[in-house]
Amino acid sequence: MPHGSVIPAIILIFSLFILQLCIASVASAGGGGNGINVWPKPRIMSWTTQPRANLLSPSFAISSPKHFYLSSAANRYLKLIKNEHHQPLVTPSLINITTSSSSALHTLFITVESLLTPLQHGVNETYTLSIPADASIANLTAHTVWGAMRGLETFSQLVWGKPNLLVASGLYVWDSPLFAHRGLILDTSRNYYGVDDILRTIKTMSFNKMNVFHWHITDSHSFPLVLPSEPDLAAKGSYGHDMQYSPDDVKKIVEFGLTHGVRVLPEIDSPGHTGSWAEAYPEIVTCANKFWWPAESNWTNRLASEPGTGHLNPLNPKTYKILKNVINDIVNLFPEAFYHAGADEIIPGCWKADSTIQSFLSNGGTLSQLLEKFVGSTLPYIVFFNRTVVYWEDVLLDDNVNVRPSFLPKEHTILQTWNNGPNNTKRIVDAGYRAIVSSSEFYYLDCGHGDFLGNDSQYDQLQPSSSANNGGSWCGPFKTWQTIYDYDITYGLSEEEAKMVIGGEVALWSEQADPKVLDVRLWPRTSAMAETLWSGNRDEETGIKRYAQATDRLNEWRYRMVSRGVGAEPIQPLWCLRNPGMCNTAH
Amino acid sequence: MVRSHTSISNVVALIFFLVLLIIPSVQSTTATTIDVWPKPRLLRWAPLHQLSLLSPSFTIASPYDHPHLSSAVSRYLTLIKTEHHLPSSVNNPLTATSSPPPPPSPPLQSLHIFIHRLHAPLHHGVNESYTLHVPNDRPTANLTAETPWGAMRGLETFSQLVWGRPSRVPVGVYVWDDPIFPHRGLLLDTSRNYYGVGDIMRTIYAMSANKMNVFHWHITDSPSFPLNLPSEPGLAAKGSYGDDMQYSPDDVKKIVEFGLDHGVRVIPEIDSPGHTGSWAEAYPEIVTCANMFWWPAESKGEDKLAAEPGTGQLNPLNPKTYQVFKNVISDVVKMFPEPFFHAGADEVTPGCWKTDPTIQSFLSNGGSLSQVLEKFVNETFPYIVSLNRTVIYWEDVLLDGVVKVDSSILDPKYTILQTWNNGPNNTKKIVDAGYRAIVSSADYYYLDCGHGGFLGNDSQYDQLVGSDTVSNGGSWCAPFKTWQTIYNYDITYGLSEEKATLVLGGEVALWSEQADPTVLDSRLWPRASAMAEALWSGNRDETGKKRYAEATDRLNEWRHRMVSRGIGAEPIQPLWCVRNPGMCNAVHASI
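From first to last, the protein sequence lines stand for chains U and F. Counting in the UniProt record's numbering, the first sequence runs from 1 upward without gaps. Counting in the UniProt record's numbering, the second sequence runs from 1 upward without gaps.
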C-alpha cells in the first residue's frame, strides 16, 4: 500500500502538534485499571486527552512504505485488526467512546526513516505511535521497518470490540526495548516439532515483541536438519523421514521470521551433544550409543550428562571435514549474523573412551587442550563467514574442560550463561565477553515436570527424596511466570558491566516436551520475560516491581493470545479477572 | 495376581518376536510386553507368539439388546478397524522395514461377546471382570464378562492388542482381568474455570481408554455456578461466568449418557456449606461473607474468610438456605442417576461464618461453629439419603481441626469420606472410624500442583532467591506430582488387610485455579493413566517388586497411542528413549 503523495507534509505537521500535546500530558495509560492493555508494556504510553476510544472505520487501512517484509507485516496486521474483535474480559472503563462515524479512524500511517536497515542484533526497534482523539489518521513512526512492526503490534492490541471495532485514542506511545536480544530456545532434537509449530512460536514471539528464535536444531538424540553437503546426517540421524527439516523448510522459517521481525539463530551443538552424528559417521564420534552412566561407576565417570552419548573427536581430521561442510551449509541457509556453536557439557568420560584420545592424554595432553584444538580449528572458520560465534558459558567456565580466553576473541564471541544464577553472568562479563542470560534457575521452561529417566528407584518410597520433592527434575521446581518476571538479568553488575549483557533467552529443552505441550510450556511464561526485557519489571516512576498490576495484565494478555490461536496456559480462575484485586495476597 | 512361571516367559514381546523374524542381527535384551494399559491381571501369549491379520471384514458379534453396550461395540469396531497404531519403538518391524512378511495364522474374522448378567447397572462395585481369548487355531475370538461394563473393559483391551497397517493381532492370547479397586476416578473442577461439554466428553473417553470408571464432577464452587437447574435457574443465570459458560440439563444428560456408553459413572458434587460464594449472586441472604476480600491485610491466618480468594459459605441458621439447597439436591438427583452424591463439606472457614450477625449471636450464646455445621449436616444429610443416595463428604467434615461434626450423625452405611490431607494418615483415621474411604491425597493425586501460585501481588517473588514456597514450585501442594509419584503411591499404605477393604479406591484431582481447556489434556494425561494402572492391577509385579521400571516404556508407548487417539497427553521422554529401550534408565540410587 504505497503512500499518497499529498499527505506526508500534513502528517509531519500533525505529528509535531501531537508531540506538543504529549509533553503537556499527565495521565499515564496502559497500567491496568482502565482495561487498556498492551503487553509488553510500552516504555511511555500516555493519554493526550481524557482516556477515550474512537470507532475504527470499516474501511480502515494501513498505509505502509513499500518494503518486502514490512508490507507483508502491514497486511497481516490489517487482517488481524479487522477480524480479531477482541472482547476484553474486563470492559475498558474510564473511556469516553466517540461514536460519530464521521471521525472514525480510517488510516494508520507508517513512516520509516531508514528502510534498508537489516534485521540484525542491535537494530533500532524504537517507534512512536500517536492516535489522536477525534481524528481519522493515526501515525506510526519508526527508524526501521523492524521498529514499525513493533508499533503495529502495539496498535493491534489497542483495538477491541464487537461488532464495532474501537481503538483507544487520544493516546501517545513512545517505545524502545531495554535489551536488544529477547529470545527463546527451542530444542528440536530430543523431540521433533513440525514446521507449523515453529512458525506459530515465531508468530507468538512477535506478538510479545521478542526478536530471536534460537533454534537448538541438533543434539545427541536426533539430527533433523537435512544439509545439502551432508545429507546422511539427517537421513541416518533423524527420527525418520517425516521428522526432518528440509532446506525449503528452513527457508520458510527464516522468511517467516523476517516478516515477523524475528531473527532465526541456528545452533549446531558441538563437540558434545553429537551422538546423532554417529549414525552417519561413527568414526568421528567418541562413546556413541553407550549407556550413559554405567552401574557401579562414579558420576565423574559418566559418559554424558543425560542419556544419549557422543562427542565429536577433535583428534580425527575427518571431524573437521564434516563439521566444515555443516557450517558451510548452515551459513548458506541462515542469513543471521550470529552462529551458535554450542560447546556445553563436555564430559571427560566420553572422550576418554576413545583410544587415540587415550594416548594423547597419556602423552601428557589434557582434555582442555583437546577442546582448544577443537575451538581453534572451528571458530576461525565460522568467523571467516562473518559470523559472531555464540557459545555456552561452559567453554570458558567448565571446571574440567575449558579453553583459555585467548582462543575466544572477544569481538567475535558471545557467551550464553545458564548455571549459578547471576554469578556466571558476572564472571563472563568480568572476563570481557558479551553475555546472553538463560539462567536455568529462572529461564528454563522445562523444569519441574518430573524426570525422564526410567527405572528411578527414588520414587519407590512413601516420601520421595529431595529431588523428587522439588518436582523431580534436575532444575526443578517449575519456573512460575512470577519467577521469570522478577528476575533481573543484570543483578549484581555495575552499570558498565551491565552493558555487556545483551539480553536473555527462555529455553524449552524437549526431554518432556513435544508439539502437544509446546504452547502451554512457552506461554504465557515467555511473555513474562518479554516484558521484563522490553520495558523492565519495575514501575518506571517509582522503581517498585510491578508484578502486582502485571498479574491482571498478563491474565488478560493470556486470554488474548488464546483467542489468537496460541494455547497459553491459564494463570488464574476467570473469577480473578472479573473481580480485580480480589485474588491478591496482602500478606 | 497369580501368574505361573511359564506365563511370565510367555509375556515376551510381540515386538521381540518380530525383530527376531525380520532383523535377526538385532540384539535385544529388553523386549517389551504386549502393551495393554493398564496392564491386565493375567495375560498369556502362547509360546509361538503368533500374529494374525485382522480380516478386513472383521466384526464384533454382540447378540444383546443393550443400548450402551451396542454403542461401545460399534465405537470399538470403528476404532479397531481404523486406528492402525504403529508402535514407536524402532525395534518394531513396521518401522524397521516397509514390507513385513505376512503373519502366519489365518485372519481373525470376529470377536464374540458373552455376558452373564446383562442388566447389571453401572453402580459402585459392579463386576468389571472379563476374559478374552484370541485363539491361534480358529478365526474367532471370545470375550466373556459378567456384565456389559466388564465387556467394555475387555473391548478396550482387545483394541490395544490390534496394531499395524494392515491391522494385525497377536493370537494364542488369553487374558483374565479384574480391577483391584472398584472406584477409579478423576475429579474435574468446572467452577474455577469453565470447560466445554466436548472437553468433558473427551476426558470421559480417555478415562474409559484407561479403564477408569468414575468421573467426579466438582460442578460448583465459589468462583462460578455453571449448572443450570430447572428449580433454581437464578443460580446459574446469575452465578455462572456467562450464558456461554453453563451446563444445561440437556448437556448433563448428554454427559451422563456418554458416561454410560463408556462405562464411566458421573458423580456430581455440589460443594457446601463452604465454597458457595457463587450462590450469593442469586441469593445473597443465604450466603455469609460473600464477595469479601479473602484474607484482609494485617489479620492472622485464622481470621481468613476463605481458604483462597472467592469467599462465601451457606448460612445454616437461615431457613431459606435449606429451601434453596433442597431444590438443588432434588434437581441434581433427577439429572444424575448415579447413587453416590458428593456433598462437599470441605474447608469450612470460621472467619466467614463469624461475619454473620445471626451466627455471631448463636456463638455468643454458647454455641460452637461445629454445632453450626452439625445443624447443616442434620438438615441436609437425611434428605439426600431419603433420595436413595450414598453421601460422599470430604474428610474435613470429621477431621477438621476446628469445625467438624460428631461421627454419630454420619451413618457409615450411607456415608463415604474422601481423604486429601496428610498422605496416608487421614485415610487411616477415616477407616479406623469405620467409614469407607476414597483416596485423593494432595501429596500424590492432585494434578494441578507445582505450577505456581495464582495469587496476585505475591511479594515473595521479589527476591532473587525465592522463599520455600517459591522454591518448590510456588503452590501450596507443590511440587508437581510426577507420573512416578502417582504410580508408586499405595492408597492402602499402613492399613491392615481388613481395614484396607474399606478403601474403595482413589481419584486424581484437577482443581482449576490454573487449568482450563487449553491445558486439560496435558495436565490429566498420562499422569491419570499412572493411577489407573496402580488401581486396576497394582504397581507391583508378580514377585511383589514395584514395576515402575518396565512401566516407563509401556506408559511412553501408551502416551503415544493416546495422542494418536486424539488425547493431548504430555510426553514423558524423548522419542529416542522409546527407540533405545533401557538406555534412558537410571541404575544409580539417586541422581
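Be aware that one or more of the hints could be misleading.
Claimed, not checked - Lysine-lysine pairs mimicking BS3-like chemistry, simulated, CA-CA at most 27 Å apart: (1) Lys-162/U with Lys-238/F; (2) Lys-300/F with Lys-545/U; (3) Lys-426/U with Lys-499/U; (4) Lys-352/U with Lys-324/U; (5) Lys-300/F with Lys-334/F; (6) Lys-79/U with Lys-252/U.
If you are wondering where the hints come from, they were derived from the structure by calculation, not from laboratory data.
Structure versus earlier hints - violations, ascending order: 5
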